[in-house]
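Since the structure of chain D is provided, determine the placement of chain R on it from the hints.
Going down the list, the protein sequences come from chains D and R. Positions 1 to 111 (my numbering) are the ones given, in order, by the first sequence. Positions 1 to 117 (my numbering) are the ones given, in order, by the second sequence.
Simulated from the structure, these hints should not be mistaken for lab results. Honestly, I wouldn't trust all of these hints.
What the hints assert, rightly or not - DSS-like cross-link-like pairs, simulated, lysine-lysine; straight-line CA separation at most 30 Å:
1) D/LYS98 to R/LYS20
2) R/LYS55 to D/LYS1
3) R/LYS66 to D/LYS1
4) D/LYS110 to R/LYS64
5) D/LYS68 to R/LYS66
6) D/LYS1 to R/LYS14
7) D/LYS42 to D/LYS1
8) D/LYS98 to R/LYS64
9) D/LYS98 to R/LYS66
Note that the structure is predicted; figures quoted are calculated from it, not measured.
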Amino acid sequence: KQEVTQIPAALSVPEGENLVLNCSFTDSAIYNLQWFRQDPGKGLTSLLLIQSSQREQTSGRLNASLDKSSGRSTLYIAASQPGDSATYLCGPKAAGNKLTFGGGTRVLVKP
Amino acid sequence: GAVVSQHPSWVICKSGTSVKIECRSLDFQATTMFWYRQFPKQSLMLMATSNEGSKATYEQGVEKDKFLINHASLTLSTLTVTSAHPEDSSFYICSADPAGEVYNEQFFGPGTRLTVL
Numbered sequence: 001k002q003e004v005t006q007i008p009a010a011l012s013v014p015e016g017e018n019l020v021l022n023c024s025f026t027d028s029a030i031y032n033l034q035w036f037r038q039d040p041g042k043g044l045t046s047l048l049l050i051q052s053s054q055r056e057q058t059s060g061r062l063n064a065s066l067d068k069s070s071g072r073s074t075l076y077i078a079a080s081q082p083g084d085s086a087t088y089l090c091g092p093k094a095a096g097n098k099l100t101f102g103g104g105t106r107v108l109v110k111p
Numbered sequence: 001g002a003v004v005s006q007h008p009s010w011v012i013c014k015s016g017t018s019v020k021i022e023c024r025s026l027d028f029q030a031t032t033m034f035w036y037r038q039f040p041k042q043s044l045m046l047m048a049t050s051n052e053g054s055k056a057t058y059e060q061g062v063e064k065d066k067f068l069i070n071h072a073s074l075t076l077s078t079l080t081v082t083s084a085h086p087e088d089s090s091f092y093i094c095s096a097d098p099a100g101e102v103y104n105e106q107f108f109g110p111g112t113r114l115t116v117l
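Chain D on its own, in the form it takes in the complex (with noise of 0.2 Å):
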């Protein structure tokens, strides 16, 4: 069964920092990786979606990186903006086209 941790659960930086989501998983047999953003009360807005043979994705200021053999994913999002203060989450896509996530990470972008 695939278990997701993402690492940190919360971060708090002050604006124009750069920010870095790790996302770890355990099967690493997978179709590929979305991630997403997910603001308080709402649905999930698909960032970016990066395929298993893939090693990287770039979508403006976000860029993702996979590592399938290790089961990692990381999200960079540069110059952060108060805007970005949402929850990210990763989900890779795996057997019966399923996604699991992780716990999430909690952004906090100060002014």
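For chain R alone, kept in the frame of chain D given last:
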């Protein structure tokens, strides 16, 4: 990107009543939809996989007679919480995979907040 909607966005009901939540893929067909539950300050837990035209597959520990799932078409799945109790109060989120596209991203609905009094 593709859009998944949920209805209602929130619902309050009395203990013992049943509540139906709809999940629709608006601009794509989804042979598979997923239902998640999220308690406050916790992550999403997969409840069941909804397959168009066949029975849903439930995760371990989820009561299939309590959480009825119907995937009647390629764009609609419904979750009915039967005889709801206060402990069923939660945030229910659905997601959908575009048909036949295992390597594509999964799209999530905005969630439904259920409060059982």
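Hint check results:
Between D/LYS98 and R/LYS20 the CA atoms are separated by roughly 23 Å; this keeps the pair inside 30 Å, and the hint holds. Between R/LYS55 and D/LYS1, the direct Cα distance comes to roughly 22 Å. Compliance with the 30 Å bound is thereby established for this hinted pair. With a CA separation close to 24 Å, the supplied pair R/LYS66 and D/LYS1 stays within the 30 Å bound. The straight-line distance between the Cα atoms of D/LYS110 and R/LYS64 is roughly 44 Å, outside the 30 Å bound, and the hint therefore fails.
Between D/LYS68 and R/LYS66 the CA atoms are separated by roughly 37 Å; this puts the pair beyond 30 Å, and the hint is violated. Taking the CA atoms of D/LYS1 and R/LYS14, the gap is about 36 Å. The hint is violated against a cut of 30 Å. A hinted pair counts as satisfied when its Cα atoms are at most 30 Å apart, and D/LYS42 with D/LYS1 qualifies at roughly 27 Å. Among the hinted pairs, D/LYS98 with R/LYS64 is consistent with the structure: their alpha-carbon atoms are about 18 Å apart, no more than 30 Å.
Distance check on the hinted pair: D/LYS98 and R/LYS66 sit about 22 Å apart at the alpha-carbon level, within 30 Å; holds.
Of the numbered hints listed earlier, those contradicted by the structure are 4, 5, 6.
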